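Q: Chain residues, written in single-letter form:
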Amino acid sequence: MGFLVKVAGLVRKDLLSELRTKEMISSMLIFAFLVIVIFAFAFEPSKATTKAVFPGIIWVGFSFAGILGLGRSFTAERENDCLLGLMLAPVDRSAIYFGKVISNFFLVTLMQVVSLPVFFVLFDYRVTAGGIGKLVIIMVMATFGFMAVGTLLAALSANARTSEILLPLILFPIIVPVVIAAVKLTAMALAGSSWGEMGMWLRMLVVYDVLFLVIPFMLFDFVLEV
Amino acid sequence: MDPKDHGRGHFALGWLALALLLVSAFAIFRYAPLEKVMLEVQKIFYVHVGVAWNAFLAFAVVCVASIAYLKTKNRRWDVLAAASAEVGLLFTTLVLLTGPVWGRFAWNTWWTWEPRLTTTLILWFIYVAYFLIRSGVAEPHRRASLSAVFGIIGFLDVPIIYFSVRLWGSHPIVLGKGGGGLHPMMLQALIITVFAYTALYVYLTQKAMAVERAKMELDEIKEGLREGAQA
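Taken in sequence, the protein lines are chains A and B.
When we follow the working numbering, the leftmost residue of the first sequence carries the number 1, and every step to the right adds one.
When we follow the working numbering, the leftmost residue of the second sequence carries the number 1001, and every step to the right adds one.
Bound-form chain B, shown alone:
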C-alpha cells in the first residue's frame, strides 16, 4: 500500500474539517448568547467538551481496533489503533489544558480532584504508557500484540477508575457546566463544535496512519538493505 495514500476522501475531509471549525468558531463567538455570570470565559467550554468527546471516541476506537488486531492479526488494525491513540492523547492533553483555564474562573481554582478531571488525568497517563510500550518493543508484530493487549486493558479500566474516584472524591459531582441545562442556541453551538472536532479527529487519524505506514515501509527498506549488505 502506498504510504502517501491517506485513504478515501482525505482531501475533502480536510476541507470539511476546516469549514466546520470555522462555522463552530462563528457559532461559539457570534451565534451563541453570552453567559450571564461567566461571560466570555464560558466560550472555552464548547472547545473543551468538543475535544473531550472526541478523545473518548479515539480511545474507544483504540480498544476496538486492538481487539480486531488480536483477532485478525492484520497490521492495518494496529496502524489504526496507534494513529487513533496518538490523536486521542493530543485531544486529552487539550482537555487537561483548557479545563483549568475555565476552572480557574468558574471554580476559583486551577485544579480540583473532581471525578471527571481525575479520570481524564489518569486516562492521559494510561495512553502515555501505551506509547511507552510501543517505543520499547522493536519487533513490529510483537509491538502490535503487546500494545493491543494494553489498549484493551487500559480502556476497560476507565469505568472502574471513574467509579472509584467518584466514590473517593469529597467533592460532589459538579453538574454540567451550564448548570441546569443549556440555552438552545448554546446547545446548537456545542453540537456543531463536537462534529467539527470529530471531522478533525478523523482527518488527523488518517494523517497519523499514513505516517505510521511510511514508518513501516522505511523499516522494511532498512531491513532489505541490511540483508543486502550481509549477502
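The shape of chain A in the complex, shown without the other chains:
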C-alpha cells in the first residue's frame, strides 16, 4: 500500500467521523458568525474606518475559529484511546501528520468558504469578482501554513493536562507571520492590487508554508511517542 493511499485513508476516516458528528465544523461556523456579530457591535459596519479594518476582522474570525477546530482534532482522538490505535496502525507517523493536515485544512477551508460571504454581507462590503478570486488563493495559502504548523502544535498540546488553553497560547506567537501576511494580502486584494504588487508577501507565505510543512514532518515522530 502506497504512502498516499494511507494518507487518503486517514483523511477519509477523519472526514467520515466529522460528517457523522459534525462536531468541529458546526462549532467553528457558529464561532465565526459570533465573531462577525461581536465585531459588528464593536465597530459600526457602515463607517469608513470599519472598511479599513475589515481584512483584519476577517482574519481574527478565521484564526480564532480555526484554532477551535484544531484543538478538537487531536483531543477527540483521546477518547477510547483512538490516538494509540492510530499510532499502532502499520503506517509511518508522518502519514498521520499529513492526514491530519489535509483533513484540518479541508474543514477550516469549508468554514471559511461558508462564513466569508456572511462577512461581506453583514459588513456591506462591495468587492469585485477579480478581488474575490485573488482572496480565495490567498486564503488557501495562508490557511495551509496555519494548518501545517497548527496540526503539529495541536498534537503537542493534546499531551498536556491543559490542552484546550495551551494551544492558542503556543500557536498564536508562531503564526504571527501568517496572520500579518494574510491581513496585508487580503487588504491588497480587496483594494484591487495586482499580483506583482503582492510579490514579497506571497513569497513569504510560500516560504512559511514549505518550512512549516517540512519541519513538523521531521518532528512529528517525537510528539507522538509514548
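Among the hints, erroneous ones may be present.
What the hints assert, rightly or not - Partial list, computed: chain B residues near chain A (C-beta under 8 Å):
| # | residue |
| --- | --- |
| 1 | Gly1136 |
| 2 | Pro1140 |
| 3 | Ile1152 |
| 4 | Ile1160 |
| 5 | Ile1161 |
| 6 | Ser1164 |
Claimed, not checked - Simulated coverage check for chain A against chain B, where a stretch passes if three residues somewhere in it have a Cβ under 8 Å from a Cβ of chain B:
| # | segment |
| --- | --- |
| 7 | 156–162 |
| 8 | 165–171 |
| 9 | 175–187 |
| 10 | 195–204 |
| 11 | 215–222 |
For the record, the hints were derived by calculation from the structure and aren't laboratory data.
Quick caveat: nothing in here was measured; it's all calculated off a predicted structure.
Every residue, glycine too, gets a C-beta built ideally from N, C-alpha and C.
Add chain B to chain A, keeping to what the hints say.
A: For chain B alone, kept in the frame of chain A given last:
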C-alpha cells in the same frame, strides 16, 4: 549526578562575571564619552544591547540543545535547554524594559511597532509558551520531547517573524542607536558589557541547571516514596 554540583569553574565564573560587570559599569559611566544629544540617557544602550545579544544567544542554545536532546535522548540536554530558556526569558524581559526607557527619550514614545521591538516582544511570547508547555506536561521524558520540539520551531520562526514585521512596518528601520556608528571608546565599553553579560548568562544558566537537576532528583525521591508506600 550531585544536584549541588554546578559544573566546572562555576565559582570562578561567578567572580569573573561580577568583575566584568564592575568593569563594564566603569566603562559605561566613566570611560565612554557622554553622548552629545541624549546625554546620560544613552548609557542604558550598553546594558540594553548587552542583554539583548545574550538573550538571542540563550535562545540559540535552547534550539541546539533541543536538537541534541531529540537526537540523543540524554536528559542533560533537556536540563540545559530549560535553564538557557529561563535565563533567555529573563534577559528578554530586561530588553523589553530597558528599551522603552530609552525610546521615551530618544524617540519620544515608549513603544513603536518597529521590527526589532516587535520581534523581541513575540520572542518573549514564544518562550513564555515554552514554559507553559513544560509546566503542562508532568511526565519528564514527554515534557523534554515536547518542549524540545517547540524550542526548535520557536527559534526557526524568529527570522520569518522579523522579515514579516519589517515588511509590514510603516516605520523605516531605525539604524543602530549610535546613528552613523559609535565612538571607539563607546564601542569598547559596549564590547566589555556584552562579554560581562555573557559571563553572567553562563553563570546563571549553570545555576538554573543545578536547580533543574535538584527538581529531577526530588521527583525521583517522591516517586520512590510513593512506590514504597504502595508496597
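Q: Does each hint fit the structure? Answer for all of them.
A: Going down the list of hints, with the structure as the test:
1. Because the beta carbon of B:Gly1136 sits about 3 Å from the nearest beta carbon in chain A, less than 8 Å, this interface hint is met.
2. With its C-beta approaching chain A no nearer than about 13 Å, B:Pro1140 sits outside the 8 Å limit, and its interface hint is violated.
3. At a threshold of 8 Å, the smallest CB-CB gap from B:Ile1152 to chain A is about 7 Å, leaving the interface hint in force.
4. Because the smallest distance between the Cβ of B:Ile1160 and any Cβ of chain A comes to about 5 Å, under 8 Å, the interface hint for this residue holds.
5. Residue-level restraint check for B:Ile1161 holds (minimum Cβ-Cβ distance to chain A is 6 Å; threshold 8 Å).
6. Evaluation of the B:Ser1164 hint against chain A yields a held restraint, the C-beta minimum of about 4 Å falling below 8 Å.
7. For the segment 156–162 of chain A, the assignment as covered by chain B holds, since 6 residues bring a beta-carbon within under 8 Å of that chain's beta-carbons and 3 suffice.
8. Coverage of the segment 165–171 of chain A by chain B holds. Counting CB-CB distances below 8 Å, 3 residues qualify, and the rule asks for three or more.
9. Check result for the segment 175–187 of chain A against chain B: holds, 5 residues qualifying (beta carbon to beta carbon below 8 Å, three or more required).
10. Counting residues of the segment 195–204 of chain A whose CB lies closer than 8 Å to any CB of chain B gives 3, which reaches the minimum of 3, so the coverage claim holds.
11. With a cut-off of 8 Å between beta carbons, the segment 215–222 of chain A has 4 residues touching chain B; three or more are needed, and the interface restraint holds.
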